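If you want the building blocks of each chain, they are given just below.
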Amino acid sequence: MSADHEQHRLFLPLVFVGGLIFGFGLGFSQMAQPEVVLSFLQFEDFGLLFVMFGAAVVTGITFFGVKQLRSTAPLTGAVYGRRLKTLDKNVVIGGGIFGVGWGLSGICPGAAYASLGIGNYAILWGIAGMFIGAYIQGFWRSTRADHGLPAATAD
Amino acid sequence: MTVTLPVAMLAELFPNGISHYAIGGLFVGLGVAVIYLGTGIAAGASTFLESTLSYGSSLSRFQRYRPSRDWRVVFTLGIVAGAAVYALAFQDGLWTTDVQWWRLLLGGVLIGIGTRVGKGCTSGHGVCGVGSVSSASFVGVMTFLLIAIGTAQLVQAAGVSP
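Protein chains in written order, with our numbering: chain A, 115 to 269; chain B, 221 to 382.
Okay, chain B solo, but in the shape it has when bound:
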């Protein structure tokens, strides 16, 4: 009993195990580390949204990211390609989501606003910022994590699925 109880609890908390999560996380961190070691840049994923808008908009808010916009496009293309390498090696054909289009679109709009106002996303605050022991990033992560948990549970309770 003293041995099986923790094991049963672990199985309940992690029904799909932890190895692919942990290994995937190590790769995510390694990707950030490679760029940082070579360039000194702590790369987050969401500045790409504004820096890419600078190609088509003269708004000052986007033009300030002009110096970094080219490498941010390259970084994003790398992310897409890396996930494609994973899919080719381990996945059976294309994978598509069942989450409804309006959830993706509306969620995307809020994410686009929130990440830029809040100075970072899950990679900028969550990985680079936490890795930097930044108090702003700890506050950012705790805020969006708690609000996201509340939102996801409300949406589920309202019967929206998937």
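Next up, chain A with everything else stripped away, as it sits in the complex:
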């Protein structure tokens, strides 16, 4: 999305509605409760598989289906594309660090925001931690980039 692009007046309202449905789903699925995520990771309840795969199936059908009907999005004019990232060692290193954090706490970014919505104020510890972690890696990568060192590639 270009910053210069004249923003459609329905752009932000639509993003909000999408977030609303997304957050409702995280609440309804109980994934906003760290205990439920931990019980999945500890093999006590495999139901969480249905949340991730259910969501991915709906998304996949949408991503591939819409291209049969039209090529660009009505509110931005952006071409409908897939979410593709370069596969390199960062995906594995970052994924590994993410996995340790997810397994330790039972939270992930989207579910943490939703957790706040169901009244779980203790999740602010986790959200504060995520900002600290994002800052640490951003500081490190920006400093390396400014000194011309081989910084981790952009995503």
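To be clear, the hints were calculated from the coordinates, so they are not data collected in a lab.
Fair warning: this is a prediction, and the values are worked out from it, not measured in the lab.
Positions of the beta carbon are idealized from the N, C-alpha and C atoms, including for glycine.
A couple of the hints might just be wrong.
Unchecked claim - Covered by chain A, per the in silico footprint, the following chain B stretches (three or more residues, Cβ under 8 Å):
| no. | stretch |
| --- | --- |
| 1 | 233 to 246 |
| 2 | 263 to 276 |
Said to hold, decoys possible - Simulated restraints, written as ranges between beta carbons of each label pair:
| no. | chain 1 | residue 1 | chain 2 | residue 2 | range |
| --- | --- | --- | --- | --- | --- |
| 3 | A | ALA242 | B | SER278 | 29 to 39 Å |
| 4 | A | HIS122 | B | ALA231 | 43 to 53 Å |
| 5 | B | GLN373 | A | GLY262 | 35 to 45 Å |
| 6 | B | VAL353 | A | TRP254 | 47 to 57 Å |
Guided by the hints, dock chain B onto chain A, whose structure is given.
For chain B alone, coordinates are given in the frame of chain A:
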């Protein structure tokens, strides 16, 4: 016996049933789909962390997300509000976790580092990336899923609860 065995196994694998998990997952996917259909954007939840830091930090790594930072705040507020709608409709008062604060904080720090280095989280890789049949996302999801399972089981074995 031939009928009851699979049923008993299902009850053991899914002690709380599957319907609320599946319905919740469909809503999560629908939220992503609504944004994608209107804007062409495959929205993940964790870029918000870096894009929001751009309001207060001039580091180049955060400033590159400046063009998307406003709508990412709106997306996150929507997620909080949507979960609040669920809570008002189906939940008895506030729900709070018993997981200890240091687990949330330390886990959060690792998640903040890992998701940005690894190019995505459970929604970016797990939902949008898998939905895009992206090999990077399949690798990302398998990596964080297996490591998270190992970590959670180790923490449990070490007697840390909740």
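We went through each hint and held it up to the structure:
Counting residues of the stretch 233 to 246 of chain B whose CB falls under 8 Å from any CB of chain A gives 13; the rule of at least 3 is met. Counting residues of the stretch 263 to 276 of chain B whose beta carbon lies closer than 8 Å to any beta carbon of chain A gives 9, which reaches the threshold of three, so the coverage claim holds. A hinted range of 29 to 39 Å for the beta carbons of ALA242/A and SER278/B is inconsistent with their spacing of about 21 Å. HIS122/A and ALA231/B have their C-beta atoms about 49 Å apart, which keeps the hinted 43 to 53 Å range intact.
The hinted window of 35 to 45 Å between GLN373/B and GLY262/A holds, with their beta carbons roughly 43 Å apart. A C-beta distance of roughly 32 Å is found between VAL353/B and TRP254/A, which places it outside the suggested range of 47 to 57 Å.
Of the numbered hints stated above, those contradicted by the structure are hints 3, 6, listed in ascending order.
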